Structure formats: structure tokens, C-alpha cells
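Please work from the sequences and hints to get the whole structure.
Chains as they are written, first to last, in this note's numbering: chain A, 1 to 147; chain B, 148 to 294; chain C, 295 to 441; chain D, 442 to 588.
Please keep in mind that the hints were generated in silico from the structure rather than gathered at the bench. Nothing here was measured: the structure is a model prediction, and the numbers come from that model. Mixed in with the good hints there might be a few duds.
Claimed, not checked - Result set (EDC-like, lysine to aspartate or glutamate): computed pairs, CA atoms no more than 20 Å apart in a straight line: (1) C/Lys342 x C/Glu413; (2) B/Lys195 x C/Glu327; (3) C/Lys342 x C/Glu327; (4) B/Lys195 x B/Glu180; (5) C/Lys342 x B/Asp248; (6) B/Lys195 x C/Asp395; (7) D/Lys489 x A/Asp101; (8) A/Lys48 x D/Glu527; (9) C/Lys342 x B/Glu158; (10) C/Lys410 x C/Glu380; (11) D/Lys557 x D/Glu527; (12) D/Lys489 x A/Glu52; (13) A/Lys116 x A/Asp135; (14) D/Lys557 x D/Glu496; (15) C/Lys410 x C/Glu346; (16) B/Lys263 x B/Glu233; (17) D/Lys489 x D/Glu474; (18) A/Lys48 x A/Asp65; (19) A/Lys48 x D/Glu474; (20) A/Lys116 x A/Glu63; (21) B/Lys195 x B/Glu266; (22) B/Lys263 x B/Glu199; (23) B/Lys263 x B/Glu202; (24) A/Lys116 x A/Glu52.
Number of protein chains: 4
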Amino acid sequence: MPEPLIRTNYEVMFFDTDAGGVVHNLAYLRIIEVARTRLGAELGLPVKEMAERGEFSVVLRTEVDYRQPARLGDHLVVESWLEKVERLRFWLGFRILRPGDTSLLVTCRQRMANMKIPENRPLRPPVNWRAQFPDAFSKEGAPSSHE
Amino acid sequence: MPEPLIRTNYEVMFFDTDAGGVVHNLAYLRIIEVARTRLGAELGLPVKEMAERGEFSVVLRTEVDYRQPARLGDHLVVESWLEKVERLRFWLGFRILRPGDTSLLVTCRQRMANMKIPENRPLRPPVNWRAQFPDAFSKEGAPSSHE
Amino acid sequence: MPEPLIRTNYEVMFFDTDAGGVVHNLAYLRIIEVARTRLGAELGLPVKEMAERGEFSVVLRTEVDYRQPARLGDHLVVESWLEKVERLRFWLGFRILRPGDTSLLVTCRQRMANMKIPENRPLRPPVNWRAQFPDAFSKEGAPSSHE
Amino acid sequence: MPEPLIRTNYEVMFFDTDAGGVVHNLAYLRIIEVARTRLGAELGLPVKEMAERGEFSVVLRTEVDYRQPARLGDHLVVESWLEKVERLRFWLGFRILRPGDTSLLVTCRQRMANMKIPENRPLRPPVNWRAQFPDAFSKEGAPSSHE
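Written as C-alpha cells, this is what we have:
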């Protein structure tokens, strides 16, 4: 599995759970949104400064696998990384863990583009990524499955 | 209790519930947001057309009382009305019922202002409200409690 | 593209949108949750009755492609269908359209299992699906891409 | 204004904002939910341990005043405290600040009860509160307004 670039912590709240007694599938994706915002800042894509320039990191595709459920009060860790860079798009990877029992709960990847709005024009990924994240450029074809 | 101007229906989804087995307190307020959007259209405040003019109906205050819990799959009715009109502000009222057993689940009122953005200038309520909703103008002081 | 089994309507609310001026990626998935609940009822999987028996339709995997953005006040249609049935799992398909301009906004599929909780035992899909939805049984391998 | 018992931090995410360019009124209440969970732990009411005993801190009433809007990327602070203790109920207080400009954005108070479920029996507040928070016991009648 890829080495994460950042780790973020999350404590499961009542509003994350549902009447089935576990965390609702949508809640994991909201938790991942927070991780992605932090990852973006680390990658040179800070949302506030970008928005002031009319630039937005847009989600094109999400793939998410729900493996084990989290429960109320669990302390989770989200690991996040840059997985693969294409000419005008890039993939981010995420996994949600419960450190206490080393469970892998959720894996996710998202295909992104940086867009100039309102022109709706795609922006090239930051040039310094090639030097900083060479592994994300060497891969051929679609990113490998998380399986 | 005031006569509602509109009624909207809602079926409780898994994502509305929490691990306590009942609807989460935030979910009722999202249900009320939908009802308020429909009520606004009925009152001459359609959100899309207003937003195109840079006008927004802004919530200044919410008071909500949680009386009985709703559960997964319940079919709820939200009743909504214009409660009181002030010079630059107005109060809307809401109650959530479960018709099957006539339970009153939630009562809520919200103080609103129509604002011109980005000037941040309050707009007078629509002039035709006085003829259409005379009861909302006759009241003195704060709106009466829902108790 | 597959023929939908049901169509559900949705009007975009303020809380669905974000500061980029379009519907947030998570909001489409909440809209799809509502469609899936209705689709489940049509397929013989009503959430309330199932939950009373300790049975839950669980999302194992979501794939979602965001193609065109929806905006405040848009009237959307969600089309939903049973895509493919495996021995203990099944795939549901969804697409979100804006009928006014025939835009295809979002496509999504979800791999599901019906589970008996707390035993955590997978349940076979309903036996009558084979007669009702023969197309969902004839497919080999993974479901075809939405591309 | 009352002295807060705890302070929690929050960075505004895209999903907190709406097409009006500011944080949506519901998002502040979700932010307050997180603060209340932390405040509960501090007050001897940890949600996970309580839920395992069939005990839940239930919101009976929320009053919230929206004073100034927060925006994408803002770093907010939520201050939280125990405001007033009644025989079987208690009030919590919250305010949301943006430290950079000392703006008071939102004030909120919530009337709570600790309930034993499924018996639906109210529980007395923790006995040690009287010694720890004498100010919350000395007040007569309803809590004073935040104005």
C-alpha cells in the first residue's frame, strides 16, 4: 500500500452514525473531504487562496470501498496521498483506519482536476510535483486497485 | 396554533437517524430547510430568482423544540406559515407532525431578513404581504410561544 | 444505457450547494440515497420492515462520476435500476439528469449486500428477482462501465 | 459573557458553505455538535460510555443567533460551557468566534436532558456538578438572553 503523505484524526460523532448502529456511508466521505482539504494544502492547493483566484479542485470521480464499520466514539485516522498524476488530472488516495485494532475500514480514491472558473478551463497540476512526488508520475494506465 | 400556509411531506431516511435509533436533531432542521424553501416560493421569495438578483433570505435566529422523536421510515408532514412581519424582518413558523398518530414532534420558528448581497443591505418584506397575511401584521412584540 | 426501474425528483436546495456556486459532490450522493431507498422499496427491500427484522441493505462500494454541475434551484431527476445480481451481492445503477437541457450530470453504481445484523450474515437476494429482472442475471463479470 | 469551559477549533470546509458564499446556517450547528460532544466528555457525560449503558444526552431545545457570517477557510473557535442546571435538565452555552478579527459569529444555547433508553426515564444531572459549577446552580428562572 502507498505511503501516506499526511494523517488526520477524527472522532466519530452521533451525527455520523445511523439507526443501524454504525457510521453511515456518506459520513466517511465527509471525513475524507476534510482529509483532502488538508492534503491539498500540503500539495500546494490551499482552497481559500485558490477560491480567491477563481480556482477550484474539482472531484471528477470517487471510488470508495466500505470494508469494516466504524462506531460511535471511535477514534479514526485518515491517511491521504497523491497517487498518480496525469496531464490535466490527478488521483488522490485515502484509507481510514481504527488504530486501536489496526482495522482497515474504508479505502477511497478520487480523480481530480484543478479548474479555472468561470472559464471552466482545466489547469496543469503544480510543476513542482514532478520533483516532489516522482512515484506518482511513473505509473502507467489507471491506478492499481486497492484490493 | 396558527393555520399553516403549506404542507410538505418527508419520509425519514437512514441518514436522518443516529445510533440512538431516532432522527438526529440536525436532520429535523434540514427537513425544515426544504419546507422553508417551498414556503418562500409561496410567499413570493423564490431562492433561484432571488439569488440571480443577489438577494438572499437569511436566517437570523432559530428556535426549535424537540418534543417526540421520529424514526426510520416515518412519513412526516411539515406545516409552515408566515408568523409575524416586522419592518425589515419576519418570523416563519414550522411544526413537524407524524399524521399516523397525530404526534407533534418538533416546533420551530425562524427570524429572517431578505438581504441584498454584497451591499449587505436589508430589503423590505414584499408589500403585498400586508393584504395577503393581515394576521402576521397585527401582532405586538415577540411572537407568542409555541407552548 | 439501462432502462431505469424508477424515477425520483429532486429540487436543489441551498444546503446542497457550496461557495463554488454548484452542488457539492457529497450532496449528489445524499440525493442518490433517497433514490436508493425508493428503489429498494420497489425491489422488495423496504428499509423500515427490514430494520425491524434486523436486516440491512449495506453499501459495499460506490463508484460515482461527476460530469456536469447542478445549480441552486435546478429540478433534477434520478433514474435508478437493478444492474447486476451476484450470488450474495448486487449492483444498483443511478444517473442524475436535468430534464430541461437533457444534461447527464452524474452516474453512479453501488455494490450492495443484504445483511442480517448482529450475526453479520449475508442474505441471498430475493428469489423473485430472477423472474422479474432476468437481464440483471445474464451479465458476466463486473458490470460494464458507464462510459 | 460566561467564561467558557472548553475551546475547540474548526476550519471551514467547502461543504460548510453554500452558493451565497458563506457558511450555511445548518453547518454552524454541526460544528456546535462537535463542541458539545467534547464539552460532554469534560462534564462527565462521554457519549460512547453512556450509549453502552443505554444513556443519551438529548437536545430538548436549541436557540441560535446568526450574527456575522463565516467563510471558506476561516479558522473558527467554539467556546462552550455549562450555563444552568435544573432538577432534571440543564442548559449548555456556545459561541463561535473568528479570532483573527475578534468577530462574534454565532451564539447558541441548548436545553438538554440525560435519558435512560428505552425506558425513556430522565436521569438527574451528575451530583458533582454542584461543587464544580456552583454558578450554574445559582441562577433563577430561564437563562438570560445572549443579547
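Violated constraints from the hint list, given by number and in increasing order: 2, 8, 12, 13, 18, 19, 20
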